[in-house]
Amino acid sequence: MRDYASPGVAILVVGSALLAGVYAVAVIDRMIGVLVAGQGPSWGRLLAEPVRSSAVLALQQRRTTERPDAPGWALAPALFAGLAAVALALVPLSRDLVAADPATGFVVFSAAIAMVMIAVYLHGWSPNSAFALHGAYRYGAQALSFQMPFLLAMLATALPAQSLSIVDIVNAQESLWNVVRQPAGLPLYLVVGVAVSFWGPLNLADGADLAGGTSVEDSGLARLLWAAARAAMLVAIAAMGASVFLGGWWGPWLPGAAWVIVKTTALLIVLIASGHLLARVRIQQFVLISWVLLIPLALLNVFVSGALLL
Amino acid sequence: MILLGPLGVALVVFVAAILAALLLRFSGDLSRGPALTIPERAPFAGGEEPLMHAWNRYHARYYVMALIFLAFDMEMVYMYPWAVVFVREGGVAMVEMGMFIIVLLLGVLYAWRERAFAWA
Amino acid sequence: MGLKRTLATLAAGAPTPVFAAAGLGAGAQVQDLRLHHQVRLVDTPSAASILLVAGGIPDSLAQSLSRLHDTMPHPRCTAWWPLGALPGLWLANFPHHVAIDHNIPERLRAIHGELVNGQRPSEPPMLADEDPAPWRGIGPYGQGGTGMTGGTPYGRPMAELGPDRDGLRLDVLPLNVGPFFPRFPAGLTLELKLAGDVIVETGIPVNLFRDSDQRNLRGDKISPFTRALSEPVLVSELELARARAHLRWLANALVACELRSLGLRVLRLATTIGSGEGDSLHSLQRVLGWTQALGWSTKGVGRVGADKLVGLGLGPVARASGLAEDVRAEDGVYRDLGFEPIVQSEGDAAARWRQRLAEAVQSLALAARAGDRLTDPGGVVESPHGRLERTTTPADRLLPLLPGLLHEMEWGDAVTTLVSLDLNLQETAAVEVVDAEAVA
Chain G
1 MRDYASPGVA ILVVGSALLA GVYAVAVIDR MIGVLVAGQG PSWGRLLAEP VRSSAVLALQ
61 QRRTTERPDA PGWALAPALF AGLAAVALAL VPLSRDLVAA DPATGFVVFS AAIAMVMIAV
121 YLHGWSPNSA FALHGAYRYG AQALSFQMPF LLAMLATALP AQSLSIVDIV NAQESLWNVV
181 RQPAGLPLYL VVGVAVSFWG PLNLADGADL AGGTSVEDSG LARLLWAAAR AAMLVAIAAM
241 GASVFLGGWW GPWLPGAAWV IVKTTALLIV LIASGHLLAR VRIQQFVLIS WVLLIPLALL
301 NVFVSGALLL
Chain P
311 MILLGPLGVA LVVFVAAILA ALLLRFSGDL SRGPALTIPE RAPFAGGEEP LMHAWNRYHA
371 RYYVMALIFL AFDMEMVYMY PWAVVFVREG GVAMVEMGMF IIVLLLGVLY AWRERAFAWA
Chain V
431 MGLKRTLATL AAGAPTPVFA AAGLGAGAQV QDLRLHHQVR LVDTPSAASI LLVAGGIPDS
491 LAQSLSRLHD TMPHPRCTAW WPLGALPGLW LANFPHHVAI DHNIPERLRA IHGELVNGQR
551 PSEPPMLADE DPAPWRGIGP YGQGGTGMTG GTPYGRPMAE LGPDRDGLRL DVLPLNVGPF
611 FPRFPAGLTL ELKLAGDVIV ETGIPVNLFR DSDQRNLRGD KISPFTRALS EPVLVSELEL
671 ARARAHLRWL ANALVACELR SLGLRVLRLA TTIGSGEGDS LHSLQRVLGW TQALGWSTKG
731 VGRVGADKLV GLGLGPVARA SGLAEDVRAE DGVYRDLGFE PIVQSEGDAA ARWRQRLAEA
791 VQSLALAARA GDRLTDPGGV VESPHGRLER TTTPADRLLP LLPGLLHEME WGDAVTTLVS
851 LDLNLQETAA VEVVDAEAVA
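Residue numbers (this note's numbering), protein chains in the order written: chain G, 1 to 310; chain P, 311 to 430; chain V, 431 to 870.
Treat the hints with care, as some may be off.
Calculated pairs, DMTMM-like style, for lysine to aspartate or glutamate (alpha carbon to alpha carbon, straight line, at most 25 Å) [unchecked claim]:
| # | chain 1 | residue 1 | chain 2 | residue 2 |
| --- | --- | --- | --- | --- |
| 1 | V | K738 | V | E770 |
| 2 | V | K434 | G | E49 |
| 3 | V | K623 | V | D778 |
| 4 | V | K623 | P | E359 |
| 5 | V | K623 | V | E840 |
| 6 | V | K623 | V | D596 |
| 7 | V | K738 | V | E840 |
| 8 | V | K729 | P | E424 |
| 9 | V | K729 | V | E838 |
| 10 | V | K738 | V | E760 |
| 11 | V | K434 | P | D339 |
| 12 | V | K738 | V | D778 |
Hints were generated in silico from the structure; no laboratory data involved.
Could you build the full structure based on these sequences and the hints that come with them?
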């Protein structure tokens, strides 16, 4: 029987990890923003601002539009949060603690990432607003394009472990981290990670050119929830990347859980910095590059690392 | 208590997160203000009056790319078990999957030349 | 309740979400609000608590303001920042507005604090609660008939089939994108027809600021370019204003490229840069190259051929397409300073970006060399947007080209193109002010 925690413990662990992660994303985002803008960071204000802005949204009325699809609009951020929670539940937090480690954990993670497209599309379609609908369809193109590079970049990490379970993949990195064995894997994974949570340069679903895209009609707690779900997905992607590429809990001196946190934070910083340092990508270019460059690169990565294992 | 197994626990986490999110979303409605008037519910268009419902038979111009995605998705289904048995099966496994992939990549090349990615 | 009070205390200290509608004479001031942490300018009224109306608003835009106001969620308030403009018709619709004139970020935060604490009541809706298509009584949806020929649907109509590029039977959605869309220049309303995400038709937009009776009569607010039409102006002042205008444009354009923090950095540079500091712009151009703002974001987007722009005097837009048209080239003062128009050849959005950066560097160098030289008022001035005359502005000449330019463009590319064109619809009113003063 594979390893798993009891339901109560799993909910507690994943819930607190997500809350801490969402707060960390908000703080890191503001910190990097302040550094790039050249303003002096005021730490007290930076640390308090996510809480304060959440309070503003909590006190704001949740408005609706003329003819929305109300159940869809309610379920979209909930589905997104659920998928982020499942994705994080698969990440082993230390040698002994993992919320859920099925024998096909990799497949469950990929399924969670694939379903993000449904959540974002539903979020854009439901308000019956032109800009939101446009963001939803644009994300459809983006999502269909990144699925393959995503899967292939991660698949190479399953080869040395000869297993689809995340714990096995981390265990196989005891001697050498996957980022050293397969150097092309992590950059590819990060590029696609930015695409999955439509962050920064790949923010084509909630873009500035659409006045907020799928969230153009969101207000109050609905807006807060969508932003939190996006950040949660970013945390899940960073945590999974830390596990399958950076060796998870392996590392000297510190306990395993601390290493997981350190590595996740490092990947989070890279992912969030892309939003402040890289300009917007056009959807036509992203689709083309994804199919014509990223997929062959990812396939090359799989076959070369496979050949090296034989 | 039924023995859930890891997939069961993942499902429990999934449902719990969804319920928590729904609870959070609707919690603000307890202190609801007055009902919204029609102009308060207008979709955003920069200040202009919206002419029509946004829902329409939208031309998702990437439909050709979506068909190619279906083919690759089926390929992924085969790559999952292949990754598990690869080291055990050795070079044969690599050659077989390689041939499969090359056929699919030729399809992508053809689609590229036929400008399937060019609105897209 | 204790929870509500805690939330209110926390919310009062947060950056106030403000949706800004910048009218005549207010563009730069509203943009400067971005530099303050007490205020957060948002892209949609759904995220805002305060509608900030700044500067002069023509009467034709009054209805738009009411619509924007109503789509704000409670608790909400309207703040008016006159900046020297006269009150317009729109003010009559906003009986509960708050007038602010100094220390704007703190005032906005104070208003927001009062809103969340319940000390200030939230504003009621402005517009009447009328359905766009009335209930007609007959039919299951009140549409006025039953069955297949059953009248107009209750509520808005739905999009109809239209001609499609690929020959499929799909809809074309008419959409009017309004005067205060965050990425469009203030006052630009486009009547679009969208097939999917591609613009298939655009009406020629009308400049609603043009014939408005809103004036901004405070003398120091009139830009040096407008003053240069009738009186001699220091060349150094003119060129410094030009460089700053280009940098302000860049700050806005970076927001459209999802590089908000970099945009803030450029905005601060725009407010503080002085003559002869062109070197800091060289490093800025390098950084822009690394971020790909001059690369994948704008390369090949919105190409305009030189043949469409000949003789229109469109400033950096024309020079980026290869036309060496610059009013300054005919001015003896500039010739003495060794001025030569800079020209790019590609004519796409990236070229226009590079053009404005190069011109900013050139302007700073000219300003440093100019000393006490004065311009020669001749009724024609090269503004940062093009050839400015008493009777026409660059925006007037560029607006008719928009339908051809945006035809068959994907939405993101269309916004990138519009941003790179740097349309300024508010230059026109400044011209008319000069006219009125010259006549009076």
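Right, here's what the structure says about each hint:
1. For a cut-off of 25 Å, the pair hint linking V/K738 to V/E770 stands: about 23 Å separates their Cα positions.
2. This hinted pair checks out: V/K434 and G/E49 have alpha carbons roughly 18 Å apart, not beyond 25 Å.
3. The suggested pairing of V/K623 with V/D778 holds, with an alpha-carbon distance near 24 Å, which does not exceed 25 Å.
4. Our distance criterion of 25 Å between C-alpha atoms is met by V/K623 and P/E359, whose separation comes to about 15 Å.
5. Between the alpha carbons of V/K623 and V/E840 the distance comes to roughly 12 Å, so the proposed pair stays at or under 25 Å and holds.
6. For the hint pairing V/K623 with V/D596, the CA-to-CA distance comes to about 16 Å; that is within 25 Å, so the pair holds.
7. The suggested pairing of V/K738 with V/E840 holds, with an alpha-carbon distance near 21 Å, which does not exceed 25 Å.
8. A threshold of 25 Å between alpha carbons decides the hint, and for V/K729 with P/E424 the separation of about 23 Å falls inside it, so the pair holds.
9. As the CA atoms of V/K729 and V/E838 are separated by approximately 17 Å, the hinted pair is consistent with the 25 Å bound.
10. Straight-line distance between C-alpha atoms of V/K738 and V/E760 comes to about 23 Å, which keeps the hinted pair within the 25 Å bound.
11. In summary, the hint linking V/K434 to P/D339 is supported, as the alpha carbons are separated by about 13 Å, within the 25 Å threshold.
12. Note on V/K738 and V/D778: the hinted pairing holds, with a Cα-Cα distance of about 13 Å set against a maximum of 25 Å.
The structure shown violates none of the earlier numbered hints.
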